[in-house]
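Enquirer: The primary structure of each chain is shown beneath.
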Amino acid sequence: MLSEEKIRLMTKMASYETGEGKEYMPIKQYYRKDYVSYELIKTFITSTISFGILFLCFVIYKMDDLADFLAGKDLLELAISIGIKYVIFICIYQVAGFFVYTRRYKRATASVKEFYFTLKKVERLQEREDWK
Amino acid sequence: MTGLLEAREKLRIFYGKYELYVTAGIKFILGILVFSLINGQTGYMERLRSPAVVLLLSLVCAFLPVNAMVVMACGMILLHLFALSMEACAIGLCLFLLLLFLYGKFAPKNGYTTILTSVLCFFRVPQVMPVAAGMLKEPSSYFSVLCGAVVYFYIRGVQENLANFTATEETEELAKFTAALKIFTENKEMYLVLAAFFIASMVVYLIRRQSMNYAWRIALFVGNMVELVIFLVGYILLDMTDKILWVLIGTLLSIVISLVLEFFFYNLDYSRVERVQFEDDEYYYFVKAVPKVFVARKDKRVKQITPRNRVSAGRRELARELDIDEDLLE
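First to last, the protein sequences are chains A and B. Each number in our numbering corresponds to the 1-based position in the first sequence with 34 added. Residue 310 in our numbering sits at position 316 of the second sequence, with consecutive numbering throughout.
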């Protein structure tokens, strides 16, 4: 016999899995530390590429006066100065990334918790049906 | 007012019932608008200018997430720029990659905001976007408005400097790159617009978060006024007074649309405010509860009292039924 309560709960779960769950369930496959670290590595790569693009654009923009720009400058000092800017840039993005992904993980935890709560309810209903 | 509230409820119910079709329809129309605008503004590649391409892309976008439209629009812009000049295309690609890596990666759900900002910029009335974003979204989303504006200024910059990109000498390659980069570095109007948008969004956000009465309405008016003042002062200082008329039109439109948004998303009844106080072990709570204005949908039911198949009887039959004289029934 059809259990209306079970159908209602399972529909709710299916709707979650195709909607909000699609975003949050993959996140909950990881521990918080692993997820945040993984995302921060990706952020490091993308921010390095971004810095590269910005640096390249700067060089192209200054190409006409590059000789004047470099004249009389210590190349090692210049490289260190660029390196410092790169480290600051990366640090800013790592800190931003840490906050964004930690918050996202917390949201995913709260959201998936509700899903598992419904799942437990369905399991209990199933067990009750089996005893009958 | 009651009529408007009823209409709002009907609209909500309609959207809930046909959400799939309504969303697809909106995306399709937006797609046509976006791709036609790109073709109109940057139509350097003849093959892409066909209406069939616009229709096909819009149809595909109607059934995909809105970010797919963003990607396709970027691809289309790059193809057009490639047909014009490889250098403009390369800088365009760098721009899109930077926007994706530095912002899009962290807040991927702002496709509509970015696209609508660019579209409204082309119609010269983008003032509503920062105010709307301030009302409906969190501060992390405000950068998407800025992204839309930056893309618009790049496309417009290429258009205004066409001569720089169409030179055929090989020695001009570096000059083309520099010209493309100067669109960003020497465009003071762009910085003015970005600053105005960001400040307006933040002002709206900070005011609407207050617990005072009519917070959203105050926020939208103050936000629009702040934006208007920044634009007016900025354009006067930049000696671009011809744009002031469009700023005024845009601000008026922004106020109207913001009021509509407020009506749909934040319609509260301040005449029935309730204030309660209570405590637990750790805190003392001062709560202000404002009820939402809500009108129940009129459920019209027609109750048939008389029998459905009414048999018409003549005077003679009726008199015979009642056992009286037929003349008495005149």
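Don't read these hints as lab results, they were simulated from the structure. One thing to keep in mind: the hints can contain errors.
To be verified - Taking beta-carbon pairs under 8 Å as the criterion, some of the chain A residues facing chain B (in silico):
| no. | residue |
| --- | --- |
| 1 | Leu74 |
| 2 | Phe78 |
| 3 | Ser81 |
| 4 | Ile83 |
| 5 | Ile87 |
| 6 | Phe89 |
| 7 | Ile94 |
| 8 | Ala130 |
| 9 | Val134 |
| 10 | Thr136 |
| 11 | Thr143 |
What the hints assert, rightly or not - Straight-line distance between alpha carbons at most 27 Å, and here's what the computed DSS-like set of lysine-lysine pairs gives:
| no. | chain 1 | residue 1 | chain 2 | residue 2 |
| --- | --- | --- | --- | --- |
| 12 | A | Lys119 | B | Lys99 |
| 13 | A | Lys96 | B | Lys131 |
| 14 | A | Lys62 | B | Lys103 |
| 15 | B | Lys103 | A | Lys107 |
| 16 | A | Lys147 | B | Lys182 |
| 17 | B | Lys286 | B | Lys237 |
| 18 | A | Lys56 | B | Lys131 |
| 19 | A | Lys140 | B | Lys182 |
| 20 | B | Lys182 | A | Lys119 |
Idealized CB from N, CA, C, for every residue including glycine.
Enquirer: Now, for every hint given, state plainly whether the structure supports it.
Expert: Okay, the hints, checked on the actual structure:
1. Leu74: violated (12 Å)
2. Phe78: Hint on Phe78(A): violated, closest Cβ of chain B at ~11 Å, above 8 Å.
3. Ser81: holds (7 Å)
4. Ile83: holds (6 Å)
5. Ile87: Because about 5 Å separates Ile87(A) from the closest Cβ in chain B, which is inside the 8 Å limit, the hint holds.
6. Phe89: violated (11 Å)
7. Ile94: holds (5 Å)
8. Ala130: Since chain B brings a Cβ to about 7 Å from Ala130(A), closer than 8 Å, the hint holds.
9. Val134: With a closest approach of 5 Å, the Val134(A) hint holds.
10. Thr136: violated (12 Å)
11. Thr143: Violated, about 19 Å.
12. Lys119(A) <-> Lys99(B): Within the cut-off at roughly 22 Å; holds.
13. Lys96(A) <-> Lys131(B): It is violated: about 39 Å lies between the C-alpha atoms, which goes past 27 Å.
14. Lys62(A) <-> Lys103(B): Holds. Lys62(A) to Lys103(B) sits at ~20 Å (cutoff 27 Å).
15. Lys103(B) <-> Lys107(A): With Cα atoms ~45 Å apart, Lys103(B) and Lys107(A) exceed 27 Å; violated.
16. Lys147(A) <-> Lys182(B): With a Cα-Cα distance of about 50 Å, the restraint between Lys147(A) and Lys182(B) is violated, given a limit of 27 Å.
17. Lys286(B) <-> Lys237(B): violated (40 Å)
18. Lys56(A) <-> Lys131(B): holds (22 Å)
19. Lys140(A) <-> Lys182(B): violated (41 Å)
20. Lys182(B) <-> Lys119(A): Given pair Lys182(B), Lys119(A) holds - Cα atoms ~25 Å apart, limit 27 Å.
Violated hints, in rising order: 1, 2, 6, 10, 11, 13, 15, 16, 17, 19; the structure is consistent with all others.
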